[in-house]
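Student: Here the protein sequences come in this chain order: A and B. So the first sequence is residues 623 to 697, counted in the working numbering. So the second sequence is residues 211 to 373, counted in the working numbering.
I should point out that these hints are in silico values taken from the structure, not numbers from a laboratory. A hint or two may mislead.
Calculated lysine-lysine pairs in the DSS-like style (CA-CA distance at most 27 angstroms, straight line) [stated by the list, open to error]: (1) B:LYS213 - B:LYS241; (2) B:LYS213 - B:LYS236; (3) B:LYS304 - B:LYS241; (4) A:LYS644 - B:LYS231; (5) B:LYS293 - B:LYS236; (6) B:LYS293 - B:LYS216; (7) B:LYS233 - B:LYS213; (8) B:LYS304 - B:LYS293; (9) A:LYS650 - B:LYS236; (10) B:LYS304 - B:LYS233; (11) A:LYS648 - B:LYS213; (12) B:LYS241 - A:LYS650; (13) B:LYS241 - B:LYS216; (14) B:LYS231 - B:LYS216; (15) A:LYS644 - B:LYS216; (16) B:LYS293 - B:LYS231; (17) B:LYS293 - A:LYS648; (18) B:LYS233 - B:LYS216.
Single-letter residue listing:
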Amino acid sequence: MRLPDDTEVNDEVWDEVIEIMKVRVKDKAAVIRTFAIRSLSRFVNDADNIDILELFLEMLSLEQNAVSVLDTGNN
Amino acid sequence: MQKIAKILGETRTSNATHIRKLKELKAARSKCSSTAEFSSAFFRTLIPLFGVQRRTASSERVVRFVSVFAGTNNDEFLEHMLKFLLLGAVAANKTARFRACQIISEASVLITLYFDFSFFIVKYDIKIPFASLIFLFHTPKHMKKNLIFNFLLPFRQFNFYRL
């Protein structure tokens with residue numbers, strides 16, 4: 623995520639946020655996974671963070687809650 | 211710390227008070243000798259929230275308020291806050307992880323909107339009221355409500371035209 627030059631938040635802090643949220647995407651609690659994905663969604667369009675999109679695609683196929691929501695919609 | 215606790219306690223009852231409470235919290239921050247002192251007191255006051263597992267209306271209001279305050283104080287305080295939240299995000303306690311990730315996600319959305327908005331008005335050099343309308347027009351439908359309530363309304367109280 624590109625920040626203005628005058629911001630006082632260090633880019634390293636944001637990098638750490640991204641790294642920890644990537645770990646939380648695989649948390650055992652669904653609600654935590656939800657918020658982790660929501661956090662990362664704001665960074666997914668950055669060219670530097672293309673691995674976030676890949677992680678989303680990987681987790682989408684493994685997410686049981688997502689599948690059950692889709693299944694409910696089809697029935 | 212008592213002042214901060216009082217403000218956070220009053221945000222539990224209604225969303226309508228949040229704009230006024232943001233002002234009060236900002237004033238409380240300005241009275242502290244340093245950002246570190248305010249941050250320390252603020253985080254100590256926030257700790258009980260990390261033990262509230264149930265998503266009640268009052269707890270969600272506090273989360274929203276804290277997220278908006280973090281998102282609109284994009285400076286040294288935000289850096290302290292993110293570091294504090296990251297400690298919760300790696301905690302063994304599930305509720306602590308949940309609340310930390312929740313606040314990070316809410317604040318991340320607001321902060322990114324802030325930067326998009328500030329780039330927008332700096333680029334086109336237009337006044338905030340008009341910029342708000344134009345920016346709102348281009349915002350995806352599902353984000354409009356969040357943008358209005360959590361971002362543009364808090365900025366209404368500030369009488370400035372350039373970010």
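Student: Are there hints from earlier that the structure breaks, and if so, what are their numbers?
Tutor: Of the numbered hints given earlier, those the structure breaks are 3, 4, 9, 10, 11, 12 and 15, listed in rising order.
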